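From first to last, the protein sequence lines stand for chains A and B. Every number in my numbering is 138 more than the matching position in the first sequence, counting from 1. Every number in my numbering is 124 more than the matching position in the second sequence, counting from 1.
You may find that some hints are simply not true.
Claimed, not checked - Here are the simulated EDC-like pairs of lysine to aspartate or glutamate, each with C-alpha atoms no more than 16 Å apart in a straight line:
(1) A:K299 with A:E288
(2) B:K199 with A:E288
(3) B:K213 with A:E344
(4) B:K184 with B:E128
(5) B:K223 with B:E267
(6) B:K224 with B:E209
FYI, nobody ran anything at the bench for these hints, they're computed from the structure. It should be emphasised that the depicted structure is a prediction, and the values quoted were computed from it without experimental measurement.
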Amino acid sequence: MTRATLAGIGVSLAAAPLGCFVVWRRMAYFGESTAHAAMLGIALSLTFELSVLAGAVLVSLIMASSVTLLEGRSLFMDTLLGVAGHSSIAAGLVIVSFISGVRIDLMAYLIGDILAVSKLDLLMIWIGVGVIFSLIIWRWSPLLLVTLSEDLASANGFNPKKENFIITISLAIVVAVGIKVVGVLLIIALLIIPAASARFITLTPESMGFIASIIGVLSSILGLYAAYFFDTPTGPSIVCVASLFFFLFLMLNIILKNKI
Amino acid sequence: MLIEISKLEVKYGSKKVLQNINLTLNAGEIVTIVGPNGSGKTTLFKAIIGAIPFSKGKIKIKPNLRIGYVPQQLKVDQTLPITVERFLKLATRDNSDLKKMVAFLGLKNIYREQINNLSGGQMQRVLLARALVDAPEILLLDEATRGLDQPGIAAFYQKIENISKETNCAVLMISHDLHVVMRASDRVICVNGHVCCEGTPENVATSPEYQTLFGSNIDGAFALYKHKHDHNHDVQGKSRI
Chain A
139 MTRATLAGIG VSLAAAPLGC FVVWRRMAYF GESTAHAAML GIALSLTFEL SVLAGAVLVS
199 LIMASSVTLL EGRSLFMDTL LGVAGHSSIA AGLVIVSFIS GVRIDLMAYL IGDILAVSKL
259 DLLMIWIGVG VIFSLIIWRW SPLLLVTLSE DLASANGFNP KKENFIITIS LAIVVAVGIK
319 VVGVLLIIAL LIIPAASARF ITLTPESMGF IASIIGVLSS ILGLYAAYFF DTPTGPSIVC
379 VASLFFFLFL MLNIILKNKI
Chain B
125 MLIEISKLEV KYGSKKVLQN INLTLNAGEI VTIVGPNGSG KTTLFKAIIG AIPFSKGKIK
185 IKPNLRIGYV PQQLKVDQTL PITVERFLKL ATRDNSDLKK MVAFLGLKNI YREQINNLSG
245 GQMQRVLLAR ALVDAPEILL LDEATRGLDQ PGIAAFYQKI ENISKETNCA VLMISHDLHV
305 VMRASDRVIC VNGHVCCEGT PENVATSPEY QTLFGSNIDG AFALYKHKHD HNHDVQGKSR
365 I
C-alpha cells in the first residue's frame, strides 16, 4: 500500500504541471493519442521480451514526434491524431492476442494496476517524475512564452521547436510511468483534470501548476484509499476523485460568480 | 548595422512568397514597410526573428541583437490565467525599466488585470510594453495599431518616435496607416513579393510602382503628410510648440 501511494503521488506530481501545458495548448487530444500509442509499445515489448516502460516511451515518442513533424504540412491534425492513436491501440491489442504462454492481463495496462507496483517500478516512476519535473521547471519561462506566442518566443531568441519537443518527450515519459498507476486509457485524465480544476481558483500560471499538483496528489491518495475501502479498481477510483474536485470547483465558481 | 538581408527568398511549399529582398537597417533608423495584403510583409518579419526558414539569401543579424517584437495580435487561451504583470516579466532579461514603461504607456490601472480581460487597445499597449521591457535595439511592429482608434494610432506612433529618439532604437514597422507613419519614417520600403521601390517617404509615394499598387487615393494621404509638416497641432486643435 505504501508503494502504491508513493507511485500514485509520483505520477500525479509529474502529470499536473505538465497537464497545465496540455490544457493551455489545447493538446488534450494529442496527449490522448500519445497515450494510446503506448499500447503498441507495450505489445511490442511483451513480444520481444523487452522493458515495457522503454517500449512505451519509445513508441509514444515516435508517434508524437512524427505527428508534430506532419503538423503544419496538413490541415487535419485532429484526424491524423485520431488515426495514429487509435491504430496504435488497436494494433497493440491485436499483437498482444498473438502472444502465447503467459496470459496477459490487458486491463492492467489499460486502466492500471497500482497495487502490483514493484520496487523497481517505483524507482522508474520516480526517475521519470524527476526528469519531467526538472525539465518543466528548468524551461518554465520559455515554455510559457512559446505557449503564449511562438513568434514572441522566437524574437526573444528561443527555439519554439525545441521547447515543443520538451513537452512531447515529457508526455511520452508521463504516459509510460503512468501505465502501472492509471493505465494508458486514463493517464490523460490525470494530466488534464487537476489542471482544469486548478484553473477555477488561480490567477497566474505558476499558481495553477502548483494547485494542480496538490489536487493531483490528493486525488491519488484519496482515490487509492477509496478503492481499498470500496474494493473498486484503483486507477478509475483516482480519476473519479479528481473529477469530484473538478465539479466541486466548478460549482463553487458558478455560485461565487452569480453572487457578485 | 543591426540587420542586413540580402537576396532573401522565402517559399511556402512551392510558392515563392518573397524573393530578392535586400534590406539593411542601422541603429536609430525608422523604416516603414508598406504593401498590399498577402505581399509577404509578415513573412519577412518571421524570417527576421527566425520563426520560419528561408530558401535562398542571407539574413545577417548583429550577434545577441535585442529584438522587441509586437505581433499583429495575441490571443491567450481562456484556460491560461496570466496577469499583465506576469506577462511583462516573462522571460525578459532585465526588467528594471518595467515601472517606467508601465507608467509611460499608461498601464498602471490594468497592471494586475488578467490578459484575457483586456480590450484590443489595451492589449496592443501591453504588447508594446513587453517589446520595450528588454531595452530593445530594434523594434519590429507588425500592424501594431490594430484595434486602436484614430487618436490612439497617432499617440501610439508618437510614443514610438519618442522612444526611438531617446534610446536610439531602430524601428522596422509594417503599417497601413500610411499618412501617420510616413511622417516619422526615414525610409519607406514598398513590398509586394519583392521590393517594388524604396526611398524617402516623398520618393516612394510619388513613384509610379507605388501608385500602381495603391492607386490615386495615396495622393490624398501624401497631401495629408505634407500638411502635417506645415503646422503641428494636437487632437484638441491647439498648436504645439
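We went through each hint and held it up to the structure:
no. : hint               : verdict
1   : A:K299 with A:E288 : 9 Å, holds
2   : B:K199 with A:E288 : 12 Å, holds
3   : B:K213 with A:E344 : 13 Å, holds
4   : B:K184 with B:E128 : 5 Å, holds
5   : B:K223 with B:E267 : 25 Å, violated
6   : B:K224 with B:E209 : 13 Å, holds
Hint compliance for this structure: hint 5 is the single one not met.
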